[in-house]
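Visitor: If you number the sequence shown the way our numbering does, the last residue is 243 and the count never jumps.
Don't read these hints as lab results, they were simulated from the structure.
Hints should not be assumed to be uniformly reliable.
As the list claims (entries may be wrong) - Just the calculated beta-carbon pair ranges, DEER-fashion:
| # | residue 1 | residue 2 | range |
| --- | --- | --- | --- |
| 1 | G114 | A141 | 26 to 32 Å |
| 2 | D159 | V185 | 31 to 37 Å |
| 3 | S202 | M138 | 22 to 28 Å |
| 4 | D166 | R115 | 21 to 27 Å |
Just so it is clear, CB atoms sit at the ideal spot from N, CA and C, and this is done for glycine as well.
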Amino acid sequence: MGSLICRYDHIIFATKGRVPVLTADLRGVIFETIRTNVQKMGLAVVAINGVSDHVHILLRMDQNHLLSDVVRDIKRSSATLLYKKTGVPFNWQRHYAAFSVSVYSVQRVIQYINNQQKHHKEIDSLGELKHFASLAGKELPYDLIE
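Model the full assembly from the supplied sequences, consistent with the hints where possible.
Guide: Printed below as a string of structure tokens:
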């Protein structure tokens, strides 16, 4: 008998220096690239969205992939694509935030990710990240602030 693994992770990562360079057009291209690359890994992007300085992704993971490897590959492929599209060197912030999501909370997280533009009329990206860290009972590491 096999194992049943159903794991969801909410990933958040920012542009280097939190510079607001992700236009709506660039986000569309990035999101499609991320979806394609994640699918090639045999995983699924359940939801993806973001604003000019950061991206949220809800991933459905499996037991064969390390989250750190998946995020590294997502960031590398999308940064390469942005460089090819714009001719301007692009980098993501080195670190990222990841939060496990209960199967019972998936729909709520999808709604949250889909409503990023609305949320960021009320709170900036750093405030949002501090809020998530506090919900997890953690201090926000300095390297996520930069």
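Visitor: Could you see if the CB distance from G114 to A141 stays within 26 to 32 Å?
Guide: 31 Å, holds
Visitor: Is the hinted range of 22 to 28 Å satisfied by the C-beta distance from S202 to M138?
Guide: Once the Cβ atoms are compared, 23 Å apart, the range 22 to 28 Å for M138 and S202 holds.
Visitor: Kindly confirm whether 31 to 37 Å is satisfied by the beta carbon distance between D159 and V185.
Guide: 35 Å, holds
Visitor: Within 21 to 27 Å: is that where the Cβ-Cβ distance between D166 and R115 falls?
Guide: 24 Å, holds
Checked against the numbered hints given earlier, the structure satisfies every one of them.
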